[in-house]
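Novice: Letter 100 of the sequence shown, counting from 1, is numbered 100 in my numbering, and no numbers are missing.
These are computed hints drawn from the structure, not numbers from a lab.
Computed beta-carbon distance windows for the label pairs:
#	residue 1	residue 2	range
1	G21	D64	44 to 52 Å
2	G96	R60	24 to 32 Å
3	R41	A19	16 to 24 Å
4	T140	A75	20 to 28 Å
5	A63	R115	36 to 44 Å
6	R61	A127	24 to 32 Å
7	A59	Y26	36 to 44 Å
8	H111	A57	44 to 52 Å
9	D106	R74	30 to 38 Å
10	V85	G146	23 to 31 Å
11	A55	G146	49 to 57 Å
Just so it is clear, the structure is predicted and the values come from calculations on it, not from any experiment.
By construction, the Cβ of each residue, glycine as well, lies at the ideal position given by its N, Cα and C atoms.
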Amino acid sequence: MTSRTRSTHPLLNLVAAVACGAAAMYFLDPASGRRRRAYVRDKAAAGRDGVADYASAQARRAADHARGAIAGLRADWFAGEADDVQIAERVRAALGHLVARPRDVDVSVEHGHVRLSGQVEETERHALVDGVAGLRGVQTVEDAMGARSEYKAPSAGPMH
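Work the whole structure out from these sequences, hints included.
Specialist: Here it is, written out as structure tokens:
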């Protein structure tokens, strides 16, 4: 076997040589070369600073996520059993994230068993039940809610 020392693509070599020559002429030009070199140097420094800032921000973000995960584990580890009042407060707090009108949902808790009643949109109903079931301290969830489309306003009597 013989090794090849010459390139198999002489046209590629020619293109690379022309590009290097053009770059040298561009940057070594006595009239404008100094300005161009300064511009490239400034851009490189700014890019380096941007990369350092980005890396620092990502490191802080990762550290914050780790601290949050540890705090969550610590809270789960040291937290005792929640009483019904705490569970009801957790459910009420979660309602704002789960339904559009949280005031329309009534919450009652007995020994960790949550009962939801009131009127909600049918599209929000499953997400609400699943979200409440995932809260800490909740044993079961009873869905006693009606769909908002089923809701009929009570009549005030005949109007004259």
